[in-house]
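Asks: Just need the whole structure built from these sequences, with the hints factored in.
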Amino acid sequence: MSAVLEIRNLHVSVEGKEILKGVNLVVKQGEIHALMGPNGTGKSTLSNTLMGHPHYVVTSGQVIMDGVDLLELGVDERSRMGLFLAFQYPVAIPGVTVANFLRTAINARLRAVDPKSKGMPIPAFRKLLKERMDTLQMSHDFAGRYLNEGFSGGEKKRAEILQLATLEPTIAIMDETDSGLDIDALRIVADGINKLVGPKLGVLIITHYQRMLNYIKPDKVHIMMGGRIVESGGPDLALQLEAQGYEWVRERYAEAAA
Amino acid sequence: MPSITDDAWRRTDIRGLRWPELKASRSHSASANGLSAVPARLLRPLVGGEHGGQLVINRGKVVERNLAASLRRKGVIFTDFLTATRQHSALLRKYLGKSVPASQGKFAAMAACLADQGVFVYVPRGVKVELPLHSVIWADAPAQFSRLVVVAEADSALTFVHELASQTQRQHAVHVGTVEVYAGRNANLQFIELQSLGQNVWHFAHERSRVQRDGKLDWIFSAIGSRLTKNFCEIDLVEKGAWGRMSGFYFAEGDQHLDHDTQQNHHAEHTTSDLLFKGALRDRSRSVWQGMIYVAPGAQKTDGYQANRNLVLSKQARADSIPGLEILADDVRCTHGATIGQLEMEHMFYLMSRGMPEAEARRVLVDGFFDPVMERIPFEGVRERLKRVIAQKMG
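Keeping their order, the protein sequence lines are chains Z and W.
As numbered in my numbering, residues 1 to 258 make up the first sequence, in order.
As numbered in my numbering, residues 259 to 653 make up the second sequence, in order.
Source of the hints: derived by calculation from the structure; they are not laboratory data.
Please note that the accuracy of each hint is not assured.
Straight-line Cα separation of at most 20 Å, EDC-like style, residue types lysine to aspartate or glutamate; simulated pairs [stated by the list, open to error]:
#  : chain 1 : residue 1 : chain 2 : residue 2
1  : W       : 498       : W       : 629
2  : W       : 559       : W       : 584
3  : Z       : 116       : W       : 588
4  : Z       : 118       : W       : 588
5  : Z       : 118       : W       : 642
6  : W       : 645       : W       : 604
7  : Z       : 116       : W       : 527
8  : Z       : 28        : Z       : 184
9  : W       : 651       : W       : 513
10 : Z       : 130       : Z       : 191
11 : W       : 645       : W       : 618
12 : W       : 498       : W       : 527
13 : Z       : 118       : W       : 584
14 : W       : 386       : W       : 472
Replies: In structure tokens form, the structure reads like this:
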């Protein structure tokens, strides 16, 4: 059975102000969706809410994954259900190496299934990590560095993709993964994502710009404005935004944008 | 007794210590009924796979004392304090009370008068002790007084692990100690002190080290136990090229109060000191760190560093951190830092978003917090021990 993430009429407030005003979206395993929109329309609110950041308050709606309402689950449980968020601004975790972090995460997942699990043996883990780093053309010394500490913008995003590659979720949200990257870094990160997409992974790419979609071809493109998804279409929609900007969307949905 | 009106004791109130209880129980303990055994986990080597010598003292009685014959032949002395006063009194007298005189304070005086146990380590000039020496003081009696003297003569090398431990009991207990360390010219001394006293013990210590020309002292402290600790730790870099590193680990829980008063004295030019103390606090526990780098007039080209980092894990816990510099030379590099932080929500969210349950995420962050001090401990066994302590205290 393939995984499905279904967002139903989601309303979310931050500090009493409503940001999401009824979002509906279905992302299936194996599909690539792009969610586009100007700044401040609620794209990052959506990604943080889906992952369960305590700062965001769901006032109504549901998020169903594999028949379970994710909103009833804790952050860690959502992750173990198969949801992954590639952060826009990954925080530095001082004193915790990339390898140690990933091994702890994998073992936490194994123990959630079998409380008696001793975790993945170290040699097997090292092999897995090396394979994934090779796939993403990352130098092996990356594994020994403190997670995100002193990382460049590109390194942070690659570390997110490495986590995605290692934890093997069914649905991944890429929150502005292209932001802060120069063109070379963007290509490397996009190549990495392209190596992971396939029938086993559903992806929701959240982005302001079309440029990332030159590298990763979406099946569907959605435009968010004023806390709602106002337009959905095929890859052409992204090209139209690139050519014409967001102005026509604003005009058409003046009420939503207000 | 010192009180909170004394500068060094302003944040550490010892009025709660019930002295009469100690007096009564001290005479009682003389009958020495029911020695509890020293736990086997304290006797295992922490550095490498074996010891060059081991000394175990249980309630003041020596229950084990051995030293490799090859080391004995080279003139290495590793014995308990009372034996040292009888068999090596001339040598001991050269060092005992020189760094920590009885005039240092009430507790130094108490230890000087009442010491009934301790350790004397002596490594002669040029002798490299390859295997570490390991001593354990199992301080299970209500009132105990110990003295440690560690001497590494010129061109010698030594790794010495000392444990001070006891079981938690209901009655108040006190341990008072002095520690005096000498690293001679070009000596290389690694000294690891692990304190895991029961949480009924009030622990007072004056510790002071002296490092001579081109000598190196790598000094590691871990404070896990005791009801209250007041520990003065001081290093004197007395000649050119002397190097001293002090690394501290503490983790307080319940009503524990751990106070470290550190002093790095640069008496000569081209001396280097590097101090990092890191501690975590839970429940209603408290920590105090008060540090001072002193650079004497003329001690040019010195490099001094001190940092204290605290991680406060509960609303009721409190950490005080007071760095200080007193620099009387003009061509020096001295820096310091003090921080008191908490686990951050964004960090927790990030870890949990990768599938770690909350408790696991907290443990990973606490481990990460301690990592910089672990990195300074070149012994796997010691690091493993401290990691187990973190896991236990994180419960």
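Asks: Hint by hint, note whether the structure agrees.
Replies: Verification of the supplied hints:
1. W:498 <-> W:629: Violated, because 31 Å separates the two Cα atoms, which is more than 20 Å.
2. W:559 <-> W:584: Given that 20 Å is the threshold and the Cα spacing comes to 15 Å, the pair holds.
3. Z:116 <-> W:588: Violated: residue 116 of chain Z and residue 588 of chain W sit about 61 Å apart, past 20 Å.
4. Z:118 <-> W:588: Answer violated: residue 118 of chain Z to residue 588 of chain W is near 57 Å, above 20 Å.
5. Z:118 <-> W:642: It holds: about 18 Å lies between the C-alpha atoms, which stays within 20 Å.
6. W:645 <-> W:604: violated (24 Å)
7. Z:116 <-> W:527: violated (58 Å)
8. Z:28 <-> Z:184: violated (30 Å)
9. W:651 <-> W:513: holds (13 Å)
10. Z:130 <-> Z:191: holds (18 Å)
11. W:645 <-> W:618: Between residue 645 of chain W and residue 618 of chain W the Cα gap is close to 14 Å, so the pair holds against 20 Å.
12. W:498 <-> W:527: holds (5 Å)
13. Z:118 <-> W:584: violated (52 Å)
14. W:386 <-> W:472: holds (16 Å)
This entry does not satisfy hints 1, 3, 4, 6, 7, 8, 13, going by the numbered hints stated previously.
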